[in-house]
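Asker: Since the structure of chain A is provided, determine the placement of chain B on it from the hints.
Chains as they are written, first to last, in this note's numbering: chain A, 83 to 722; chain B, 1115 to 1486.
Everything labelled a hint here was simulated from the structure, so no lab data went into it.
Hints may contain errors.
Footprint (simulated), chain A over chain B, 3 or more residues, beta carbon under 8 Å [stated by the list, open to error]: (1) 1297 to 1310; (2) 1320 to 1330; (3) 1468 to 1474.
Every residue, glycine too, gets a C-beta built ideally from N, C-alpha and C.
Here is how the chains run, residue by residue.
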Amino acid sequence: MRSSTPPWNGWIGLIIEDYWSRLETFRRLSTSCCIISNWKGHPKPHDSHKTASGIPGAIQLLIRYGVWLKKVLLRVLTMTLLGMAVGTCVALLAVGFVEVVEWSNEILLISPRSRMIEGDTVWLTTATIAVPTIGGLLVGLLCLLIPERRPHGPPDAIQAAQSLDGAMPVKAGAVSALAAGISLGAGASVGQYGPLAHIGASVGSWLSRAFGNSRYLGTIGIGCGAAAAIATAFNAPIAGLVFAHEVILRHYSLRAFAPISVAATLGYLVANFAFDRQPLFRVEKFAIVSPYEFLGFILIGVAGAVLATVFMKAVLYAAKLAKSLALPAPFKPALAGLMVGIVALQIPEVLGIGKEVLRFAIIENTFTAYELVLILIAKLILTAMCLGFGFAGGIFSPGLLIGILFGTLVGYGVDAVFFDQRSHIALYAICGMVAVTSPVIGAPLTTILIVFELTRNYDLATAAMVSVAFANLVGYRIFGRSLFDIQLHMRNFDLSLGRDKVIIERRRVGDFVSDDFTRAAADTSLQSVRDSLLHTGRTVAYAVDDQGLYLGMLSINQLMELGVKEVAIARIEDYATPGPLILSPDDSLWDAMVKLEDFVGESIPVVDEGRLIGVVFEASIVRAYLKALNEIRSEENAAA
Amino acid sequence: MKSDPKKMRRHRQQYLTAWLLALLLMSCGGVINAGQVLTVVTWGGPYEQSQKKAFFDPFEQETGIEVKTIRYNGGIEILKNRQESDPAVGDLIDLVMADNLAACNLGLLEPLDHSTLPDAPDGTPAIDDFYPGALTDCGVSLNIYATVLAFDRRAFPGIKPSRVSDLFDLKRFPGKRALQREPIAVLEWALRAYGVPQQEIYNLLSTNRGISLAFKQLDLIKDHILWWQDSAQPARLLAQGEVVMASGYNGRFFDALVNHNHPIQIIWDGQVYEYSTWGVPRNAPMSKQAKAFISFASATDRLAQQAKYISYGPARASSGAQVWKHDPSGIDIRPHLPTFEPNFAAGISKDHEWYAHTLPRLKQQFERWLTE
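So that you can see chain A by itself, here it is in the shape it has in the complex (with noise of 0.2 Å):
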């Protein structure tokens, strides 16, 4: 960051300070009409930040207070206005997303209407083939376009706002965007939330950089933007500002809720009023027979949890395999794309979101056990291939198809244990909807208020919230806290060890590397290598020959051991070592930390492809460390 020019605080830090420049002339007075206040008698003007009596009178109460009012102006304003063009945008961007989805569905027939329309079966099959496959093909294009060769998605939010920049690529996001919309308009087995919490976090975050460049700007817009997807797509508010603070940004501070609410309220504003958009889908309300029937929601929250496991290791293990695959990057989405193509004719569901499917499950005996289990395995088979073979979208949906089919199952089994002494099958469904999805996104909060804002029943809300916390409960023990902490764990970024360790691992030796070193040839004599160290005060010289080579360093506290005569005769090469600790520039500074546990000294030296490009300090290490604690409890605990 530049510290020369003023920080930018956005336009509406300009408009503010315009303003408050214009006021300020008012006051600052002209030297030929003031007071002569000094001995000399040179006219000086009044300073009026300085109070005559001691006492501040009104002139110095208004540039006390204004200041501060300025300030809380600027915040209040920032804040506000942040959520609302956030919201509004994101609203705007999720609505039309998912229209654009729902359209190709149509056109490319992937929906149940548009097939039951063409009804040739020839063309059906034809296309229920063909879509699929060309759109992994276009999928796999696309993503030789983004540099990790992956579509991004929530996981790279979550890292942009815990790693305290939150900025988000724009390149990435926007061609991740139109992957994922190729992928859910081709009738990939993937879900379309993800992507839409993905796309709001970074409308979010490229937004934030009109507002200003304080850091805590982006990780705000983050969470103001992943809250408005959430807030449209579920016409849930509460369950969208509930899930910025879940998933992406893990804590709660005053000052990035307000946006985070503006924005999901706007959201939801959006969808319902503005667009008419129907919620995911309406259920009605059930009342729960027996008390008893809790230990069955207790049991489908446990076996939900293991069944999310199961699904979640697929995702990886279909990564793994996509990996060792000797095929060309594009084909591979294709490939998925192929099999969700071959199976759909016999199991349509797969296809798509598969929307139709959570309406049937909650209608009694719509399935057979058969059916259910069929569907069950087809459908986490193929979202594990499309996810881990390359195709943009998220795990949300799917998750929900597959917990609704279990829980429908599970309701099938106490009807046949406890003949006719269950509740409707729809609880049992929702149950264990919310069972596998909320391990897999970790996030046991917002599906209990999405359970509670579809439906707004208590009953059905309270059933969830047991099963969800028994899921979360297992999950986490078995698995990790969610798909997207272990998909970040494999890239290097383990939230699990909090995030001080995350932000300092992604700093790096290099950024703090010193040149304040005594550096000598390797022929320096010993003697001119004592004078020098004595003369600068430092304790140790290092050696390099003549191409810049590190060869080793010598401290003064070894040169003192050695007799006058060496010192006199021997130069620095004979007697140099390469010392306990080296450290490369692309060491992270939590690796740093790590080897200086054990390690006394002045200086460590840093060599980059045996070259010494400098030394760093313990105290420097020491300091980024609490520097980057200092700013994350700064941002946690923001009120304002």
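Answerer: Showing chain B alone in chain A's frame:
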């Protein structure tokens, strides 16, 4: 529907000028077109009566073209057969929207130019004034009518049926039901009875699972159904006490209730509403006159006139404001319209496009289920 007195006055003025103009035209036009006959294929019954009063008679007076009607019971067979055998039948046909789309897709109708339709009294172009979807390539809608359930009030003196699911509830509401021998509406109701929201019905019916689920629901009452094919039957069956519940067009039931005082009550929950639409058969001998008739009959006040005689909602927004009293009973007709707010909210919007493509297949499945 609030009425602004100023607007009303302006409407009345425009209405008067329109009539004066019409009279003027009548004096000359009547002479020129004398002897021409426009054949309109339509539905008969009180519906045709309302069309006669609102459209046919004024058109005859204005242009001198005589309007003759042919009665039919819906479907596009009449258009299909016509091409092969008798090219003289029908210059204009009143079709349900799904049939209009299906016929248009098969090239049985002439394309229509919507720019010739008259503007609303406040100057809103017709394209913006008609409800969304009311104007299609080969169609100009005239009203929104509904297929509804109705019951005999005498049969249920205590608790009365009020929801679609009551159709399938033989325990609480025993007795025979009269339903149309068509998949239309009964499939929607079957799924609605499971608690499926209106917007999801056609998506679910698009799957084999959804269809079989619907038939499973219908199986519950299969032995208690009397199938009707003539749209005059259901109201009569109810009035005669032969059935306790029946499906039918809301206009027929309204007619039985208001004009004949039969103890019938409509269940608005789950009403399947759709457009009635004018279409001009391809190569119709009087196609020019037919198109002129469509423009004449699509004016705001003409459409409102029809709702004076029958309880079908006009297809354009500006007409809604002019609908008020039923003729001759004088009752407020608005609560009897499918477009009345509470009725509308509980209704199912018939997916015309879906039916236009799927009806033949659905009929096959339906007939197979009937014989099972």
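Asker: For each hint, tell me whether it holds in the structure or not.
Answerer: Status of the hints after comparison with the structure:
A stretch counts as covered by a chain when three or more of its residues have a beta carbon under 8 Å from one of that chain; for the region 1297 to 1310 of chain B and chain A the count is 3, and the coverage holds. Counting residues of the region 1320 to 1330 of chain B whose beta-carbon sits less than 8 Å from any beta-carbon of chain A gives 5, enough to reach three: the coverage restraint holds. With a cut-off of 8 Å between beta carbons, the region 1468 to 1474 of chain B has 3 residues touching chain A; three or more are needed, and the interface restraint holds.
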